[in-house]
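Visitor: Those sequence lines, one after another, are chains A and B.
Residue 323 in our numbering sits at position 323 of the first sequence, and the numbers go up by one each step.
Residue 126 in our numbering sits at position 126 of the second sequence, and the numbers go up by one each step.
Hints listed in this document are in silico derivations from the structure and should not be mistaken for laboratory results.
Hints may be right or wrong, so weigh each one.
To be verified - The following label-pair restraints were derived from C-beta to C-beta distances:
hint : chain 1 : residue 1 : chain 2 : residue 2 : range
1    : B       : 66        : A       : 147       : 20 to 30 Å
2    : B       : 94        : A       : 281       : 42 to 52 Å
3    : A       : 194       : B       : 101       : 36 to 46 Å
4    : B       : 93        : A       : 246       : 39 to 49 Å
5    : A       : 329       : B       : 101       : 47 to 57 Å
6    : B       : 105       : A       : 98        : 32 to 42 Å
7    : A       : 225       : B       : 66        : 51 to 61 Å
8    : A       : 304       : B       : 198       : 45 to 55 Å
9    : B       : 95        : A       : 243       : 22 to 32 Å
10   : A       : 332       : B       : 204       : 52 to 62 Å
As the list claims (entries may be wrong) - On the chain A side, residues computed to face chain B include the following (Cβ under 10 Å):
hint : residue
11   : 40
12   : 65
13   : 66
14   : 69
15   : 75
16   : 110
Stated by the list, open to error - To spell it out: a stretch of chain B is covered by chain A in this simulated footprint if at least three of its residues, at any positions, have a beta carbon under 8 Å from a beta carbon of chain A; those stretches are:
hint : segment
17   : 114-123
18   : 140-146
It should be emphasised that the depicted structure is a prediction, and the values quoted were computed from it without experimental measurement.
Even glycine gets a Cβ: it sits at the ideal position worked out from N, Cα and C.
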Amino acid sequence: MSTNQPQKSWQYREVATHAPGLNALADTLIELAEEGYPVVAGSADVMYSNNLVKFAERFPDRYIQFGISEQNMVSAAAGLTTTGAIPFVGTFASFLALLCCEQIRTDVAYCARPVRLIGHHSGISMGFYGTSHHATEDLAIMRSIPDLTVINPADSASLAAAIRASVDHPHPIYFRMSRGQEPEVYEATSLNFEIGKAIEHSQGEDLTLIACGIEVHPALEAAKVLRSRGVSVGVIDMHTIKPIDREVIIGTGNFSKKIMTIEEHSVIGGLGGAVAEVITDEGLPIKLCRHGIYDEYALIGPPTHLYRHYQLDSEGIVKKAEQFLGGKNEFK
Amino acid sequence: MVAETSIDVETIQRVTDKALFIREETIRLISIAKVGHYASVFSCAELLSALYYDCLRIRKGEPDWVDRDRFLFGKGHAAVGLYPVLVEKEFFGAEILSEYTRVGNPLGDHPDMRKVPGIDFSSGSLGHALSVGVGMAHGARLQKKEFLTYVMLGDGELQEGQIWEAAMHASTYGLSNLVAIIDRNGYQLDGEVDDIINIGPIRERWESFGWEVHEVDGHDVEATIAILREIRDNPKRTKPVCLVAHTVKGKGIDYMETEPGWHLGWLSEQDEAEAYELIRGDK
Chain A
1 MSTNQPQKSW
11 QYREVATHAP
21 GLNALADTLI
31 ELAEEGYPVV
41 AGSADVMYSN
51 NLVKFAERFP
61 DRYIQFGISE
71 QNMVSAAAGL
81 TTTGAIPFVG
91 TFASFLALLC
101 CEQIRTDVAY
111 CARPVRLIGH
121 HSGISMGFYG
131 TSHHATEDLA
141 IMRSIPDLTV
151 INPADSASLA
161 AAIRASVDHP
171 HPIYFRMSRG
181 QEPEVYEATS
191 LNFEIGKAIE
201 HSQGEDLTLI
211 ACGIEVHPAL
221 EAAKVLRSRG
231 VSVGVIDMHT
241 IKPIDREVII
251 GTGNFSKKIM
261 TIEEHSVIGG
271 LGGAVAEVIT
281 DEGLPIKLCR
291 HGIYDEYALI
301 GPPTHLYRHY
311 QLDSEGIVKK
321 AEQFLGGKNE
331 FK
Chain B
1 MVAETSIDVE
11 TIQRVTDKAL
21 FIREETIRLI
31 SIAKVGHYAS
41 VFSCAELLSA
51 LYYDCLRIRK
61 GEPDWVDRDR
71 FLFGKGHAAV
81 GLYPVLVEKE
91 FFGAEILSEY
101 TRVGNPLGDH
111 PDMRKVPGID
121 FSSGSLGHAL
131 SVGVGMAHGA
141 RLQKKEFLTY
151 VMLGDGELQE
161 GQIWEAAMHA
171 STYGLSNLVA
181 IIDRNGYQLD
191 GEVDDIINIG
201 PIRERWESFG
211 WEVHEVDGHD
221 VEATIAILRE
231 IRDNPKRTKP
241 VCLVAHTVKG
251 KGIDYMETEP
261 GWHLGWLSEQ
271 DEAEAYELIR
281 GDK
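Build out the structure end to end from the sequences listed, making use of the hints.
Guide: Next up, the structure:
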């Protein structure tokens with residue numbers, strides 16, 4: 001498997017500058033600040049990982065380096081909003097959503113502060129860095145917090161669009177993003193992004209793949225393969241996990257025979273859980289397969305190898321989908 | 001402690017009277033809830049009074065005035081002593097106070113900024129407020145605002161690691177518009193603070209974290225007013241300020257002062273009558 005790195009010596013700080021998703025993050029915040037929005041950015045000793053260093057260089061007075069003090073960062077961001085600032089604070093999703101869970105619940109969401117939390121390097125994208133750096137529970141945890149909007153964009157264009165759409169959003173937001181190095185799904189110019197409204201790529205009578213985040217791209221690829229094998233398959237990008245687009249699920253439930261959710265996250269409580277809740281609430285006559293990480297601590301390994309291992313690449317999704325279409329829905 | 005100050009007698013009397021008012025109201029309100037943190041309020045009654053009836057730049061009836069000084073109650077469990085003050089500041093009506101903790105009432109044991117005008121930030125989970133204050137201090141600086149952010153912390157609260165994250169941060173950024181007030185009453189829920197987890201030496205710790213540190217007897221009204229004014233009116237400061245207020249938990253009720261179990265409790269009707277006499281000095 002090839003890596004994204006050139007075949008020469010390199011240092012960690014260079015990585016982000018080549019990552020489209022991370023550039024989208026920094027560039028969009030810079031644009032908003034230049035347009036006059038009171039954007040303040042902060043990070044916890046990972047500004048080269050999330051590329052917020054780019055924002056810091058452009059707006060040094062509006063960047064706050066928190067050092068390795070994530071909880072302080074989240075609570076301080078909540079305090080900052082009281083003076084009219086829109087703070088975007090980011091760190092690895094594992095630390096943001098798990099270590100700072102209580103600060104997010106109590107200081108940000110309960111106090112209704114319009115903080116924008118950026119949980120990056122989510123899921124198993126930290127690969128061989130290990131479980132401490134994996135975040136396969138963050139969607140479930142964040143989704144259970146009242147008044148918190150949870151968004152998991154598919155690529156750099158939708159991340160940029162989501163950040164833009166968030167400017168006037170009254171609620172705090174947890175943005176989940178990966179390493180920013182994932183393949184592009186959308187053309188920025190033609191993307192119509194609305195928080196809470198899923199992007200329906202296609203409809204299928206046999207099966208609908210509902211994916212979020214970095215699983216949207218392989219889901220689209222998998223759908224092509226399945227179609228070539230005669231399956232009528234649809235694909236939905238459910239970028240907003242909360243509030244979830246109930247209407248699109250209800251529409252799908254009345255049209256498609258089966259739904260398979262795909263997420264780089266535990267199958268418990270995340271996208272799959274959210275879709276299952278709607279299906280149950282509405283009594284939809286549909287079978288559901290939740291695909292993701294099956295209630296376990298993921299192995300370590302290079303990320304692309306892990307996606308293959310966990311059948312979260314397009315080949316794996318095809319395989320899982322064909323089993324499901326054949327009547328098998330195993331919890332693994 | 002302070003030999004001579006320029007504080008006038010009327011101010012000292014007002015702050016003294018209001019400290020008594022805070023204690024009386026605390027007893028009255030807890031009689032509604034039938035459980036509460038008397039002792040935690042009594043240790044900081046003079047501090048609250050000096051802040052709200054002398055030091056803080058706030059406007060009656062305007063809880064959201066943008067230039068007001070902010071007050072964050074890290075030890076949010078003592079909010080019962082603050083609510084009556086906010087009524088006097090005309091931030092909300094006395095009728096709300098009389099329904100303290102009843103179903104649907106905005107006033108609970110811990111203060112909620114979404115429900116209670118005049119509460120600058122919700123609290124209840126210890127250790128968060130100084131970080132929130134850090135954010136407000138940064139915000140003031142970005143907005144070029146002169147207001148100060150005061151954060152009152154319990155001494156037991158200093159056992160929370162997040163406090164020290166915020167302390168390091170504030171001095172690194174030279175947040176001289178941030179004032180931490182430590183209610184050093186020596187007790188926490190399970191016993192004596194320094195027996196449980198030693199937080200001292202407090203002055204040296206805060207100084208070593210880069211803060212300007214002052215100490216005061218938190219029941220000496222005149223000295224408390226004087227030091228709060230001195231902190232407020234010093235424009236040349238470059239560091240965040242920590243005021244260590246030495247206090248007595250349960251101050252005013254002798255048996256609460258010596259029994260840490262009174263961190264949380266309830267006075268029967270009979271004991272309540274006696275408690276009023278004790279705090280008024282009639283007994």
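Visitor: Which earlier hints can't be squared with this structure?
Guide: 9
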